[in-house]
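Read top to bottom, the protein sequences are chains A and B. Our numbering numbers the first residue of the first sequence as 1 and each following residue consecutively. Our numbering numbers the first residue of the second sequence as 1 and each following residue consecutively.
Read the hints as simulated data drawn from the structure, not as lab findings. Don't take every hint at face value.
Each pair may be met inside one copy or between any two copies, as identical chains are not told apart.
[Claimed, not checked] Taking lysine to any residue pairs in the SDA-like style, the calculated list, with each CA pair at most 20 Å apart, reads:
(1) Lys45 - Ala70
(2) Lys113 - Leu94
(3) Lys228 - Thr128
(4) Lys113 - Gly63
(5) Lys228 - Ala238
(6) Lys117 - Ile66
(7) Lys113 - Ala93
(8) Lys45 - Gly55
(9) Lys228 - Asp126
(10) Lys191 - Gln242
(11) Lys113 - Ala70
Number of protein chains: 2
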Amino acid sequence: MTTLSRLYVVKIGGQVIDDPVACADFLHAFAALPGPKVLVHGGGKLATRIGEQLGVTSQYVQGRRITDEATLQLVTMVYGGLINKQLVARLQALGCPAIGLTGADMNLMRAVKRPVKETDYGWVGDLTAEGIRVEAFMRLVEAGEVPVLAPLTHDGNGHLLNTNADTIASCVAVALSAHYRVHLVFCFDQKGVLRHPHDPDSVIPLIRPADMPALMAEGALRDGILPKLENAFAACRAGVEQVLIGPAYALSALSTETSTRAFGTIIRL
Amino acid sequence: MTTLSRLYVVKIGGQVIDDPVACADFLHAFAALPGPKVLVHGGGKLATRIGEQLGVTSQYVQGRRITDEATLQLVTMVYGGLINKQLVARLQALGCPAIGLTGADMNLMRAVKRPVKETDYGWVGDLTAEGIRVEAFMRLVEAGEVPVLAPLTHDGNGHLLNTNADTIASCVAVALSAHYRVHLVFCFDQKGVLRHPHDPDSVIPLIRPADMPALMAEGALRDGILPKLENAFAACRAGVEQVLIGPAYALSALSTETSTRAFGTIIRL
Numbered sequence: 001m002t003t004l005s006r007l008y009v010v011k012i013g014g015q016v017i018d019d020p021v022a023c024a025d026f027l028h029a030f031a032a033l034p035g036p037k038v039l040v041h042g043g044g045k046l047a048t049r050i051g052e053q054l055g056v057t058s059q060y061v062q063g064r065r066i067t068d069e070a071t072l073q074l075v076t077m078v079y080g081g082l083i084n085k086q087l088v089a090r091l092q093a094l095g096c097p098a099i100g101l102t103g104a105d106m107n108l109m110r111a112v113k114r115p116v117k118e119t120d121y122g123w124v125g126d127l128t129a130e131g132i133r134v135e136a137f138m139r140l141v142e143a144g145e146v147p148v149l150a151p152l153t154h155d156g157n158g159h160l161l162n163t164n165a166d167t168i169a170s171c172v173a174v175a176l177s178a179h180y181r182v183h184l185v186f187c188f189d190q191k192g193v194l195r196h197p198h199d200p201d202s203v204i205p206l207i208r209p210a211d212m213p214a215l216m217a218e219g220a221l222r223d224g225i226l227p228k229l230e231n232a233f234a235a236c237r238a239g240v241e242q243v244l245i246g247p248a249y250a251l252s253a254l255s256t257e258t259s260t261r262a263f264g265t266i267i268r269l
Numbered sequence: 001m002t003t004l005s006r007l008y009v010v011k012i013g014g015q016v017i018d019d020p021v022a023c024a025d026f027l028h029a030f031a032a033l034p035g036p037k038v039l040v041h042g043g044g045k046l047a048t049r050i051g052e053q054l055g056v057t058s059q060y061v062q063g064r065r066i067t068d069e070a071t072l073q074l075v076t077m078v079y080g081g082l083i084n085k086q087l088v089a090r091l092q093a094l095g096c097p098a099i100g101l102t103g104a105d106m107n108l109m110r111a112v113k114r115p116v117k118e119t120d121y122g123w124v125g126d127l128t129a130e131g132i133r134v135e136a137f138m139r140l141v142e143a144g145e146v147p148v149l150a151p152l153t154h155d156g157n158g159h160l161l162n163t164n165a166d167t168i169a170s171c172v173a174v175a176l177s178a179h180y181r182v183h184l185v186f187c188f189d190q191k192g193v194l195r196h197p198h199d200p201d202s203v204i205p206l207i208r209p210a211d212m213p214a215l216m217a218e219g220a221l222r223d224g225i226l227p228k229l230e231n232a233f234a235a236c237r238a239g240v241e242q243v244l245i246g247p248a249y250a251l252s253a254l255s256t257e258t259s260t261r262a263f264g265t266i267i268r269l
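Could you put together the complete structure from these sequences and hints?
Now the structure itself:
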């Protein structure tokens, strides 16, 4: 039995990108993470602000943005250009050999344009782990490069597709789990999954599937966290070694194997 | 003596990008070019139009744009994001394994922020062939990838720099000429270098340094073409096998070795 190397897939969202101090701290911690790694970033308020200036007013259906042609151009500019390339330039300055990519580049991530049922979501891509070109990712990672992925895929027919960054992180993590012990990290704006929603220090250090009934019974888990946990368990069942949920500033601590941590929740089977 | 492979470095400017039909024709011809190749693209009117919408009004000094912070963000979005990723997605659809990159990605092109003398040009990068990371380019090219370069470099200290696309094409061509027989192609809006400026069919098929005195004496060369020829000869003296200047639609014909061509001017030593 060969021992696989550990590989981190780290996802940051808009709340990190929008905060210069948090973003700088995060980039230092990410650059310092040992071994192969992949960064996936979301959007943030920047796209909304620039969209307003450009007169791009996105339609929403049940809280989900419709990606019309103008919105696709907007996110291609802001996610694929501005945010992605600024992150890459800053990581390079920290000695991290970053390479900023979308799913179109090297055909890394091919998705299916979401089928029109009751709602036409427009240029939105539904990605699965099968859409990840593992061989190309491995070639980059084995050469020491650090892919920095914008939340954009393509359809193979010349169109880019707006794609959820959490989904990209999960799919890349699952697809690479045949070749690495993948640790998937979701940075979010709390210290971890909280036992008492109103006590920010009540972090649950470890959650396994067997813990769920008790946690549900005591009403510990807020509504918003349940889908995240379900996705995390799904990623683990698909091969990811563990999922970590925690604050961006704690990335360096998250990567250490301590059982008594003040922040960060580990999810594993 | 080993025989080196031929490699094309092709530069397109805004006049191709702004014209949907010309751009589609070009991409088909480029995708069909055999062997290793690199595409370098400029900007076009899109950046100006989006800049106007965003209220970014660039300052010009003697016809040269000053790249202030807002202008740098604009070109990072439009060149590095919108134009670059759309070209990549369309090339992928044509079976061309494109990868869209700036100079920050993989530290491919490191430039020096233009020193402030009489004018502060802002976030503009001066690139030389020494700033090209040849090893990284070769790794991509040898793996069959086709780099698509936006006119952006970086300073290694976390800042992107606005950089002339012609300069990028020349520097990449020169830097790779130690390892390939590099053919550098500048697509522009005429059939080639014209003997009679008012006769669009009077293309000079081949220009060598020895031809210059006679061409100058007969007043054949318009002012605007002289710097292009000087840059082309400089590239050849630095190792590039030949430079071709011609229309984007003729890219496929340019790559054939005919001495009787209706369009395209070859420049060599």
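Checked hints:
no. : hint            : in the structure
1   : Lys45 - Ala70   : both (17 Å within a copy, 17 Å between copies)
2   : Lys113 - Leu94  : between (37 Å within a copy, 19 Å between copies)
3   : Lys228 - Thr128 : within (17 Å within a copy, 48 Å between copies)
4   : Lys113 - Gly63  : within (19 Å within a copy, 44 Å between copies)
5   : Lys228 - Ala238 : within (15 Å within a copy, 56 Å between copies)
6   : Lys117 - Ile66  : within (13 Å within a copy, 49 Å between copies)
7   : Lys113 - Ala93  : between (36 Å within a copy, 15 Å between copies)
8   : Lys45 - Gly55   : both (15 Å within a copy, 19 Å between copies)
9   : Lys228 - Asp126 : within (18 Å within a copy, 47 Å between copies)
10  : Lys191 - Gln242 : within (17 Å within a copy, 60 Å between copies)
11  : Lys113 - Ala70  : within (16 Å within a copy, 33 Å between copies)
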